[in-house]
Amino acid sequence: MSLDTLSAMRRALEAGETTAVALTEQALAAAEAKADLNAFLHLDPTQARAAAEAADARRQAGEGTALTGIPLAVKDIFCSEGDPTTAASRMLANWRAPYDATAVARLKDAGAVLLGKLNLDEFAMGASGENSAFGPTLNPWDRTRVPGGSSSGSAAAVAAGIVPATLGTDTGGSIRQPAAFCGLTGLKPTYGRVSRWGMIAFASSLDQGGALAWSAEDVAEVFSVIGGHDPRDATSAPGTVAPAGALLSAPVAGLTLGVPEAFFEAVDSALQGPLAEARAQFEALGVRLKAIELPFAGDAVPAYYVLAPAEASTNLSRYDGVRFGHRCENPVDLDDLYRRSRGEGFGPEVKRRILTGTYALSVGYYDAYYRQAQRVRRRILESFTEAFQSVDALFLPTTPTTAFKLGEKRNDPIALYEEDRFTIPANLAGLPALSLPVGFSNGLPVGGQLLAPHFEEGRILSLAHAFQQVTDHHQQRPTAGGVA
Amino acid sequence: MNWDVVIGLEVHAQLQTASKLFSSAPNAAGATPNETASAVELGLPGTLPVPNAEAIRLALRFGAAIDAALATETIFARKNYFYPDLPKGYQISQLDAPIVGRGSLSVVMANGATKAIGITRAHLEEDAGKSVHDAYSDRTAIDLNRAGTPLLEIVSEPELHSAQEAVAYLRELHNLVRTLEICDGNMNEGSLRCDANVSLKPAGSEVLGTRTEIKNLNSFRFLERAITYEIERQRLVLEGGGVVVQETRLYDPDRDETRPMRSKEEAEDYRYFPDPDLLPILLTADDHAAARASLPELPAAKRARYETDLGLTASEARLLASERSTAAYFEAALAAGAAPKGVANWLSGEIAAQLNRSGETLDAFPIAPAQLAGLLARIDDGTLSSKLAKTVFERMLETREDADVIIEREGLKQVSDSGALEALVAEVIEANPGQVEQYRAGKGKVLGFFVGQLMKASGGKANPQQLNALLKAALGEPGEG
Numbered sequence: 001m002s003l004d005t006l007s008a009m010r011r012a013l014e015a016g017e018t019t020a021v022a023l024t025e026q027a028l029a030a031a032e033a034k035a036d037l038n039a040f041l042h043l044d045p046t047q048a049r050a051a052a053e054a055a056d057a058r059r060q061a062g063e064g065t066a067l068t069g070i071p072l073a074v075k076d077i078f079c080s081e082g083d084p085t086t087a088a089s090r091m092l093a094n095w096r097a098p099y100d101a102t103a104v105a106r107l108k109d110a111g112a113v114l115l116g117k118l119n120l121d122e123f124a125m126g127a128s129g130e131n132s133a134f135g136p137t138l139n140p141w142d143r144t145r146v147p148g149g150s151s152s153g154s155a156a157a158v159a160a161g162i163v164p165a166t167l168g169t170d171t172g173g174s175i176r177q178p179a180a181f182c183g184l185t186g187l188k189p190t191y192g193r194v195s196r197w198g199m200i201a202f203a204s205s206l207d208q209g210g211a212l213a214w215s216a217e218d219v220a221e222v223f224s225v226i227g228g229h230d231p232r233d234a235t236s237a238p239g240t241v242a243p244a245g246a247l248l249s250a251p252v253a254g255l256t257l258g259v260p261e262a263f264f265e266a267v268d269s270a271l272q273g274p275l276a277e278a279r280a281q282f283e284a285l286g287v288r289l290k291a292i293e294l295p296f297a298g299d300a301v302p303a304y305y306v307l308a309p310a311e312a313s314t315n316l317s318r319y320d321g322v323r324f325g326h327r328c329e330n331p332v333d334l335d336d337l338y339r340r341s342r343g344e345g346f347g348p349e350v351k352r353r354i355l356t357g358t359y360a361l362s363v364g365y366y367d368a369y370y371r372q373a374q375r376v377r378r379r380i381l382e383s384f385t386e387a388f389q390s391v392d393a394l395f396l397p398t399t400p401t402t403a404f405k406l407g408e409k410r411n412d413p414i415a416l417y418e419e420d421r422f423t424i425p426a427n428l429a430g431l432p433a434l435s436l437p438v439g440f441s442n443g444l445p446v447g448g449q450l451l452a453p454h455f456e457e458g459r460i461l462s463l464a465h466a467f468q469q470v471t472d473h474h475q476q477r478p479t480a481g482g483v484a
Numbered sequence: 001m002n003w004d005v006v007i008g009l010e011v012h013a014q015l016q017t018a019s020k021l022f023s024s025a026p027n028a029a030g031a032t033p034n035e036t037a038s039a040v041e042l043g044l045p046g047t048l049p050v051p052n053a054e055a056i057r058l059a060l061r062f063g064a065a066i067d068a069a070l071a072t073e074t075i076f077a078r079k080n081y082f083y084p085d086l087p088k089g090y091q092i093s094q095l096d097a098p099i100v101g102r103g104s105l106s107v108v109m110a111n112g113a114t115k116a117i118g119i120t121r122a123h124l125e126e127d128a129g130k131s132v133h134d135a136y137s138d139r140t141a142i143d144l145n146r147a148g149t150p151l152l153e154i155v156s157e158p159e160l161h162s163a164q165e166a167v168a169y170l171r172e173l174h175n176l177v178r179t180l181e182i183c184d185g186n187m188n189e190g191s192l193r194c195d196a197n198v199s200l201k202p203a204g205s206e207v208l209g210t211r212t213e214i215k216n217l218n219s220f221r222f223l224e225r226a227i228t229y230e231i232e233r234q235r236l237v238l239e240g241g242g243v244v245v246q247e248t249r250l251y252d253p254d255r256d257e258t259r260p261m262r263s264k265e266e267a268e269d270y271r272y273f274p275d276p277d278l279l280p281i282l283l284t285a286d287d288h289a290a291a292r293a294s295l296p297e298l299p300a301a302k303r304a305r306y307e308t309d310l311g312l313t314a315s316e317a318r319l320l321a322s323e324r325s326t327a328a329y330f331e332a333a334l335a336a337g338a339a340p341k342g343v344a345n346w347l348s349g350e351i352a353a354q355l356n357r358s359g360e361t362l363d364a365f366p367i368a369p370a371q372l373a374g375l376l377a378r379i380d381d382g383t384l385s386s387k388l389a390k391t392v393f394e395r396m397l398e399t400r401e402d403a404d405v406i407i408e409r410e411g412l413k414q415v416s417d418s419g420a421l422e423a424l425v426a427e428v429i430e431a432n433p434g435q436v437e438q439y440r441a442g443k444g445k446v447l448g449f450f451v452g453q454l455m456k457a458s459g460g461k462a463n464p465q466q467l468n469a470l471l472k473a474a475l476g477e478p479g480e481g
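Top line first, the protein sequences correspond to chains A and B.
Here the numbering used here is used: the first residue of the first sequence is 1, the next is one more, and so on.
Here the numbering used here is used: the first residue of the second sequence is 1, the next is one more, and so on.
With the rest of the complex left out, here is chain A:
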């Protein structure tokens, strides 16, 4: 079996059993072979090979870090200097970022080999990957299904064995839901942990960068590199992130895990078996389960779909055809320039959210929508704070279903919004949340979700790591043709 996890690659590199160049060639070949997945929007073999050679030299000089020489790739919403950075939008089809996002710069500094940029829902708006202006990404477990979104390429590239870990972003579940659909572990850190500098904004108060990989161990390695304070982001939290080893080694026996029963009852029956087994598994690890209630459940999705579009509507105002990005042909006047450049540059879901958000912020509607949604948001945070008085972390489903069919929810935006109902609360409260594979249903991965108080990523990474020491769900791989 080829090396396909970050830890295995790292051990092989450290033992001198392979080289960064060899791993990079393997990754480039896999990317070519699996181009049908449409996971990559931009592959840069030249840059990757140069980085691989530099990484081998660095390791030889004894200056390697955990990530030195590991092939990785990032969601194409992270700016990377000199590279196309499109946010999967026609608006930015020809735009190259003149600078690195902080997360990207930290990966490069660590010696990681960046292969290129990964597909996503346009401007990270979507839960299926189908809103990309450059075509949908397929789920490696079943190519007739979506990989989830918006970090569709980030999940597919790992699940397909192209790279062992990727960066994604999570505004309402965009790391965790695709991780669940693709049998991966995905971490959305505490809001403010990973700098948003260079991460193209969708909804600034909710956006958070994070990592997807097969295991909690591998996610922790990436998180410990990209996390920590950045003075270029005014919402960046102070302090650094502990090394991966420390993030994974918190004792879990004796912890109390809150389980909101209502969430478990709301999932598709096909998911209930694996989720129930996962609960039993945690108990076997010495974790105490405690039934709790999170009384806001029904309010999170509506509040989110006011706040996120409101912020997006103004974050996306800069795409006006004046300085960069798509500009329409031969505008007759300024209004025409704006209307046609934006009309042509943005896809339907992005437009829908700009319109919704503009409406929510308008005079006469602000109090009824935006202000009210902020109140709900505060209430949600309070109810989490209250829950964490009696439990150390929470366990709940990541998604209501397993990966659905391509096109299945395309014409039903509300159904697609409901996809996020288990993931959105953590974004509204700014909490760290992680999805991990807990089993399979009809050959499709099922995800479970762990949430912790602010800045306690180590607690959920340790819980997930302990779980993965005694389970093998994260070691399952899709077969070449599709369903295992």
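Hint data in this document are derived by calculation from the structure and do not stem from the laboratory.
Glycine included, C-beta positions come from ideal geometry on N, C-alpha and C.
Accuracy of the hints is not assured; some may be wrong.
[Unchecked claim] Pairs of lysine to aspartate or glutamate, DMTMM-like flavour, derived with a Cα cap of 20 angstroms:
| # | chain 1 | residue 1 | chain 2 | residue 2 |
| --- | --- | --- | --- | --- |
| 1 | B | LYS215 | B | ASP269 |
| 2 | B | LYS79 | B | GLU165 |
| 3 | B | LYS79 | B | GLU268 |
| 4 | B | LYS445 | B | GLU394 |
| 5 | B | LYS130 | A | ASP335 |
| 6 | B | LYS130 | A | GLU456 |
| 7 | B | LYS79 | A | ASP367 |
| 8 | B | LYS215 | B | GLU181 |
| 9 | B | LYS461 | B | GLU394 |
[Unchecked claim] Residues from chain A that keep clear of chain B, each with C-beta distances beyond 10 angstroms, as calculated:
| # | residue |
| --- | --- |
| 10 | LEU3 |
| 11 | ARG11 |
| 12 | ASP83 |
| 13 | ALA262 |
| 14 | GLY273 |
| 15 | GLU277 |
| 16 | PRO295 |
| 17 | LYS351 |
| 18 | GLY443 |
| 19 | PRO453 |
[Stated by the list, open to error] To give an idea of the interface, some chain A residues facing chain B are shown, with a C-beta separation under 7 angstroms as derived from the structure:
| # | residue |
| --- | --- |
| 20 | LEU43 |
| 21 | ARG318 |
| 22 | CYS328 |
| 23 | PRO331 |
| 24 | TYR359 |
| 25 | SER362 |
Add chain B to chain A, keeping to what the hints say.
Positioned in the frame of chain A, the structure of chain B alone reads:
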């Protein structure tokens, strides 16, 4: 019909920080367009604003100076609108929780009376860029050098009641921001800009009339003329039975009139909301105390001190304290040993006249304050008569040398040596027997003739008081006639 005029001003002061309000790009006019616009000012995807701590300190200093309520938590908000020189499609400004709350400014009006004018609030915001219409024949260019420049928008209460009061308020504010060293006050370059809200109501009425807003008045003169025009225009509209339309107007100095700006849709909806890229900024009692401690002596306190401690008249004190460079010059001359009254006289006399002639400002005046003190010392010790002092002053303007250097080189000392003067007096009396006779016959005025002759003979250097005494001694009292 009599009308009450109601005016409120919104003043935008560019803050003198090293970098822009939300990035580390230099806060300086670039030599070439877009030179000082970084990725943040260009609004590139993925860029984020980080507030400039110095701008916050300067805003608090202003708040402390007008004795305002200083915020403990201040919030940046997005003001959304599309315009080509507004890179992000929104301006980062403040709506709720501005950094400076209500305060007041003591303004010396034209008649010398002091009036406290309320300041509603002052808030921080970023400037936009500029649209350049004359660079290319067929298109508009955008220069974003100015984008992101920190502005303090200072909003007055509608408590000004004439164009002259509005000008007095703006002068006071101008002097204050310069004294505080938060803004260079250069109105030509737009460092200080002013919008005026003007309305009329029937005299004594409680109900405010409909107002118009006149934008971008960049000099005291334009402010006065624009308001004067606008008051008259509104009066004519109202007295003709019409109604004033609430609108934004532009002052055209060439035609000396205001006219409606390119029509905007009524009451644009800016969709203000708290900027999610910027957390609320918490300001502590220590921050407030530091702002108060950073205050220099304020103009009002200066005026009082000049009057009580230095013995100047109220109008002298006003003149000296109401303009930062004048006060600085005055105090520097005092520090170099000059007497207050003498400096005050020269500043309001010769120096003011010279500045008037040259059109320069005191900041660039060729004679340094210590040099003026040196000149005054030579008057006080009798070396120079006032006439000679003016001659030396004029030489100093040309050469920028110290008075003593000029006096020495050009021999401009007044002659007070009695022996030399007595000889001169004897000479002149001998040379003019006719005039001596006239004098003795009772024509006292002839004394002036002798003084003139003597000054001429001494090259203007004779000490006039001494000369008079010697002449009288030599000629005796004029005869009875």
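ask   = Taking each numbered hint in turn, which are not upheld by the structure, reported in ascending numerical order?
value = 2, 4, 6, 8, 20, 22, 23 and 24
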